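Take these sequences, add in the hints, and give me the full structure.
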Amino acid sequence: MGWSFRWVSSLENDFNHDLHVAFTPKELQSSTATYNYTKGDPGMPEREGTSVFYKDERGAVFHTYSTYARGIDMMNAAYHYLDLVPKGRDENRNLRRTGCGTTIATKTERLRLE
Numbered sequence: 001m002g003w004s005f006r007w008v009s010s011l012e013n014d015f016n017h018d019l020h021v022a023f024t025p026k027e028l029q030s031s032t033a034t035y036n037y038t039k040g041d042p043g044m045p046e047r048e049g050t051s052v053f054y055k056d057e058r059g060a061v062f063h064t065y066s067t068y069a070r071g072i073d074m075m076n077a078a079y080h081y082l083d084l085v086p087k088g089r090d091e092n093r094n095l096r097r098t099g100c101g102t103t104i105a106t107k108t109e110r111l112r113l114e
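Residues in the sequence shown are numbered from 1 upward in steps of one, following our numbering.
Hints were generated in silico from the structure; no laboratory data involved. If a hint is listed, it holds; no wrong ones were tucked in.
With a Cα cut of at most 25 Å, we get these calculated SDA-like pairs of lysine to any residue:
1) K26 - R47
2) K39 - S10
3) K26 - P45
4) K55 - W7
5) K39 - S66
6) K39 - T50
7) K39 - D73
8) K55 - Y68
9) K55 - H17
10) K39 - L28
11) K55 - S66
12) K26 - E46
13) K39 - T67
Simulated DEER-style distance windows between Cβ atoms:
14) G2 - T24: 40 to 48 Å
15) K26 - E57: 37 to 45 Å
16) T38 - G2: 37 to 45 Å
17) Y79 - T38: 18 to 26 Å
18) G40 - T67: 16 to 24 Å
19) D14 - P86: 39 to 47 Å
20) T32 - D73: 21 to 29 Å
21) T64 - M44: 20 to 28 Å
22) D83 - P25: 36 to 44 Å
23) G2 - K87: 40 to 48 Å
24) D14 - K39: 12 to 20 Å
What you are looking at is a predicted structure, and each value in this text was computed from that prediction instead of being measured. Think of the CB as a built atom: it goes at the ideal place given N, C-alpha and C, for glycine as much as any other residue.
Written out as structure tokens, the structure reads:
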């Protein structure tokens, strides 16, 4: 196909902060960081996110898409396979997936809820 991609790094610049996936110590301490369109405590100095840009023939760059947190699951192909198996991603071991994609509480979880 002859495609080529120019890879760039966000190391040692403000790019990740500008896109709200890296946070200053002051933002973390005061819980004023913005992540996933919400202001608060992101829980760590850097969080996950994916952004897409387009550069036109004149050289103008456009930010066309961003997604954060659970929105980037579609970028992780392994998750798609895990979603097909009976226990799914097994993110909450006290819940069990049914065949139709919903979850039901196990006996342990039901006892805790009662």
